[in-house]
Amino acid sequence: GENVEQHPSTLSVQEGDSAVIKCTYSDSASNYFPWYKQELGKGPQLIIDIRSNVGEKKDQRIAVTLNKTAKHFSLHITETQPEDSAVYFCAAQAGSARQLTFGSGTQLTVLP
Amino acid sequence: DTAVSQTPKYLVTQMGNDKSIKCEQNLGHDTMYWYKQDSKKFLKIMFSYNNKELIINETVPNRFSPKSPDKAHLNLHINSLELGDSAVYFCASSHTIREQYFGPGTRLTVT
Chain A
1 GENVEQHPST LSVQEGDSAV IKCTYSDSAS NYFPWYKQEL GKGPQLIIDI
51 RSNVGEKKDQ RIAVTLNKTA KHFSLHITET QPEDSAVYFC AAQAGSARQL
101 TFGSGTQLTV LP
Chain B
113 DTAVSQTPKY LVTQMGNDKS IKCEQNLGHD TMYWYKQDSK KFLKIMFSYN
163 NKELIINETV PNRFSPKSPD KAHLNLHINS LELGDSAVYF CASSHTIREQ
213 YFGPGTRLTV T
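These protein sequence lines are chains A and B, in that order.
The first sequence begins at 1 in the working numbering and counts up by one.
The second sequence begins at 113 in the working numbering and counts up by one.
Hints listed in this document are in silico derivations from the structure and should not be mistaken for laboratory results.
Treat the hints loosely; a few may be bogus.
Derived Cβ-Cβ restraints for the label pairs, each shown as a range [to be verified]:
#1 120/B <-> 28/A: 36 to 44 Å
#2 221/B <-> 56/A: 36 to 44 Å
#3 40/A <-> 120/B: 42 to 50 Å
#4 165/B <-> 39/A: 29 to 37 Å
#5 28/A <-> 114/B: 23 to 31 Å
#6 194/B <-> 15/A: 42 to 50 Å
#7 54/A <-> 163/B: 24 to 32 Å
#8 114/B <-> 60/A: 22 to 30 Å
#9 26/A <-> 151/B: 39 to 47 Å
Here the structure is a predicted model, which is why all the values come from computation and not from measurement.
We put the CB at the ideal spot given by N, CA and C, even for glycine.
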């Protein structure tokens, strides 16, 4: 089955700096890669996703890049703000799979 | 107005008891899920239902039994609760496997 590894487990940045979270996956058949943000006491919320036919996707201050050859994908947050502080999860899904496989999460803290 | 709702939000109970968590979605989705999030924040899928049919049943003790009375509801019943069952349980729904919408979670504490 799919295995997703996520790094780092914790990340602290100064407000205004950029943050990068990286994930690797094992199943070369995976073709959908979402990112979720989980704020304290809430459920995960989908913030951006990318499909395997695209190398990069951007939405305002967040972007995701995908390297299919190396089987890794990354979340980039620019101009970080305190409200970006949360746990971020990457996930992967193979086309035939009926479930998402999640990474272990990254606790992002944006320091004012 | 809430897309995916769960009740209760907090559940404190003693070992050996039986409890249920309810989930409802008003998004018109045909697939619903139960996830368990442990103290280290790791998210693991437990069950998935599509159009009231069980399609995913991960390695979960058979003390856990999902029930889907209709497409909008997926309940989780847990028998003979154990200390290790303490976790946050999330319900989610989606139109396809992708773009899953999560509920607010139910924090279960077994004492």
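Evaluation of the provided hints:
Against the hinted window of 36 to 44 Å, the Cβ-Cβ separation of residue 120/B and residue 28/A comes to about 42 Å, which satisfies the hint. Between residue 221/B and residue 56/A the beta carbons are some 43 Å apart, a value that agrees with the proposed interval 36 to 44 Å. A C-beta distance of roughly 19 Å is found between residue 40/A and residue 120/B, which places it outside the suggested range of 42 to 50 Å. Between residue 165/B and residue 39/A, the C-beta spacing of about 33 Å keeps the proposed range 29 to 37 Å intact.
Checked against the hint of 23 to 31 Å, the C-beta distance between residue 28/A and residue 114/B comes to roughly 38 Å, which is inconsistent with it. A hinted range of 42 to 50 Å holds for the C-beta pair residue 194/B and residue 15/A, which are about 43 Å apart. Range check, residue 54/A to residue 163/B: about 30 Å between beta-carbon atoms, so the 24 to 32 Å window is met. For residue 114/B paired with residue 60/A, a C-beta distance near 25 Å keeps the hint of 22 to 30 Å intact.
Taking 39 to 47 Å as the suggested C-beta distance range, the pair residue 26/A and residue 151/B does not conform, at roughly 25 Å.
When the structure is compared with the earlier hints, violations turn up for hints 3, 5 and 9 and for no others.
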